[in-house]
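Undergrad: Sequence:
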Amino acid sequence: MAESPNGPDLANGIDVADLPDGGKLRGYCGDEQVLLVRRGTSVFAVSATCTHYGGPLADGLVVEDTVRCPWHHACFDLRTGEALRAPAFSPLTCWSVEQVEGRIFVGEKLKRTPKQSDQAPAETPARIVIVGGGAAGFAAAEKLRRERYEGSIVMLSDDDAPPVDRPNLSKDYLAGKAPEDWVLLRGERFYSKNGIDLRLGTSAAGIDTVSGEVVLADGGRIPFDRLLLATGAEPVRLTIPGAQQPHVHLLRSLADCRAIIESARTARRAVVLGASFIGLEVAAALRARNIEVHVVAPDKRPMERILGPQMGDFIRTLHEENGVVFHMETKASSIDAAAVKLDDGGILTADFIVAGVGVRPRTALAESAGLSLDRGVTVNAFLETSVPGIFAAGDITRWPDPHTGESIRVEHWVVAERQGQTAALNMLGRREKFTDVPFFWSQHYDVSINYVGHAERWDAVEIEGNIAARDCLLRFKHNGRVVAVASIFRDIQSLEAEVAMEHQTAT
3 MAESPNGPDL ANGIDVADLP DGGKLRGYCG DEQVLLVRRG TSVFAVSATC THYGGPLADG
63 LVVEDTVRCP WHHACFDLRT GEALRAPAFS PLTCWSVEQV EGRIFVGEKL KRTPKQSDQA
123 PAETPARIVI VGGGAAGFAA AEKLRRERYE GSIVMLSDDD APPVDRPNLS KDYLAGKAPE
183 DWVLLRGERF YSKNGIDLRL GTSAAGIDTV SGEVVLADGG RIPFDRLLLA TGAEPVRLTI
243 PGAQQPHVHL LRSLADCRAI IESARTARRA VVLGASFIGL EVAAALRARN IEVHVVAPDK
303 RPMERILGPQ MGDFIRTLHE ENGVVFHMET KASSIDAAAV KLDDGGILTA DFIVAGVGVR
363 PRTALAESAG LSLDRGVTVN AFLETSVPGI FAAGDITRWP DPHTGESIRV EHWVVAERQG
423 QTAALNMLGR REKFTDVPFF WSQHYDVSIN YVGHAERWDA VEIEGNIAAR DCLLRFKHNG
483 RVVAVASIFR DIQSLEAEVA MEHQTAT
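First residue of the sequence shown? That's 3 in our numbering, and the numbers climb one at a time after it.
Don't read these hints as lab results, they were simulated from the structure.
Don't take each hint at face value.
Said to hold, decoys possible - Taking lysine-lysine and the DSS-like style, the derived pairs with C-alpha atoms no more than 25 Å apart in a straight line are:
1. 195 <-> 113
2. 479 <-> 302
3. 111 <-> 26
4. 179 <-> 302
5. 333 <-> 302
6. 333 <-> 343
7. 343 <-> 302
Unchecked claim - Here are the computed distance ranges between Cβ atoms for each label pair:
8. 323 <-> 100: 38 to 46 Å
9. 507 <-> 290: 46 to 54 Å
10. 201 <-> 81: 31 to 39 Å
By construction, the Cβ of each residue, glycine as well, lies at the ideal position given by its N, Cα and C atoms.
Using the sequences plus the hints, can you model the full thing?
TA: Quick look at the structure:
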């Protein structure tokens, strides 16, 4: 059903005085919602909602000639509508704007023209191979074609499904609130239409750096001029007795999620091992299916290592209010057909179990190829590995972070996508440094937690607002400097914190 028009009819015009410099105004033109943004004497008219999950751009942040989404920090060019930063890939629609006698009128939709890069490729490799079918691999392939790259792209994925929107697997899709066709990042036709040779169920066994070939598990070889390693991470597998039984699930792929959903159809009680973001998002999704959920974890508080004790206490209370039962400071010692035995002697009956006890980067391919490793694949500021012409992006990558002054590796979806985009440009010889501030979001019932920056350690947490009232912003500081910001329903402040970190002015 189409959304009812909101705001003024922009085809009939508004007074210039109603749109101050730097201001935003949501209205409509015909049957579509339109966002007006004024920058000096220029006025832009673009779609009012983000092309990622439909976030309201009127509630976002204007930075120079761009607008950033308040929900998941996608960024769009106001002049062209171009999606500049993941997690959005599709552009905004643009409309013509005319200013007449102190009034602003929105006219016709502007026809999109194929993107013409401001900067011609310094190099044009004939053959690019991408190993990995996740966030980074997809974003790189999409960016290469958007940049008008016309060479060969071969994308190898050992998964059986095309690239999916993995955050949805532990959120709305698992909860039964989103259809499966929302989960694919793009339909299969996208790959054939754009000349991307996506090979599913295909494993790379090695890299011949001398001949410039990827060696497949079946013995085949694929030559490359540039190679992107985007092999991602894999779940840590339990080693306790009974962990290999079919009712014990991991969650990484679409097939994993389908298996959990199938188990949930007839289940009454589930045990989640691990109080991480994934574990607790799974718990929330299962509660939406009216399944009794018990969470087992060795930590004192959920997510304390990332979000601190205050937010950890809030998250536990939030889940308890929604019926989750916690068993903290304990671990599972064994699993049988109908129960989980704990190391403190407790026994929890369960129809099925979901293990979310962490992931590890899939670096075996890089290691066998002789690439430099340091708890991940080490890259330079351009995401190039120790072997020229081979790049890495996503969960496996340890890169020099200009904001902390340290080499870091993170496992965030948006970071992986943005690194894939930057790696694509650099495979074309652009020499663009990866300088984005890390960002992730986590959804728990009706509460979304946004996090910008990266704090492996901190010595102070400044709390603004009220965590229990779900209106807060936490600044994590190290040596007097803000290194990360977590927030609940403080979207503009989260975006402002991101910009401050980009400009290294966060205090």
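Undergrad: Decide if the proposed pair is consistent with the structure: residue 343 and residue 302, CA atoms, cutoff 25 Å inclusive.
TA: holds, 19 Å
Undergrad: Take the C-alpha atoms of residue 333 and residue 343, compute the straight-line distance between them, and say whether it is at most 25 Å.
TA: This hinted pair holds, its Cα atoms lying about 9 Å apart.
Undergrad: So if I understand the rule, the pair passes when the alpha-carbon distance is 25 Å or less; does residue 479 with residue 302 pass?
TA: holds, 22 Å
Undergrad: Between residue 323 and residue 100, does the C-beta distance stay in 38 to 46 Å?
TA: violated, 53 Å
Undergrad: Can you tell me whether the CB distance of residue 201 to residue 81 sits inside 31 to 39 Å?
TA: holds, 37 Å
Undergrad: Holds or violated: residue 195 and residue 113, Cα atoms, limit 25 Å.
TA: holds, 21 Å
Undergrad: Do the alpha carbons of residue 111 and residue 26 lie within 25 Å of each other, as the hint requires?
TA: At roughly 19 Å apart (the allowed maximum being 25 Å), residue 26 and residue 111 satisfy the hint.
Undergrad: Take the C-alpha atoms of residue 333 and residue 302, compute the straight-line distance between them, and say whether it is at most 25 Å.
TA: holds, 12 Å
Undergrad: Given a hint of 46 to 54 Å, does the C-beta separation of residue 507 and residue 290 actually sit inside it?
TA: violated, 41 Å
Undergrad: Straight-line Cα separation of residue 179 and residue 302 no greater than 25 Å?
TA: With Cα atoms ~31 Å apart, residue 179 and residue 302 exceed 25 Å; violated.
The structure shown violates the earlier hints numbered 4, 8, 9.
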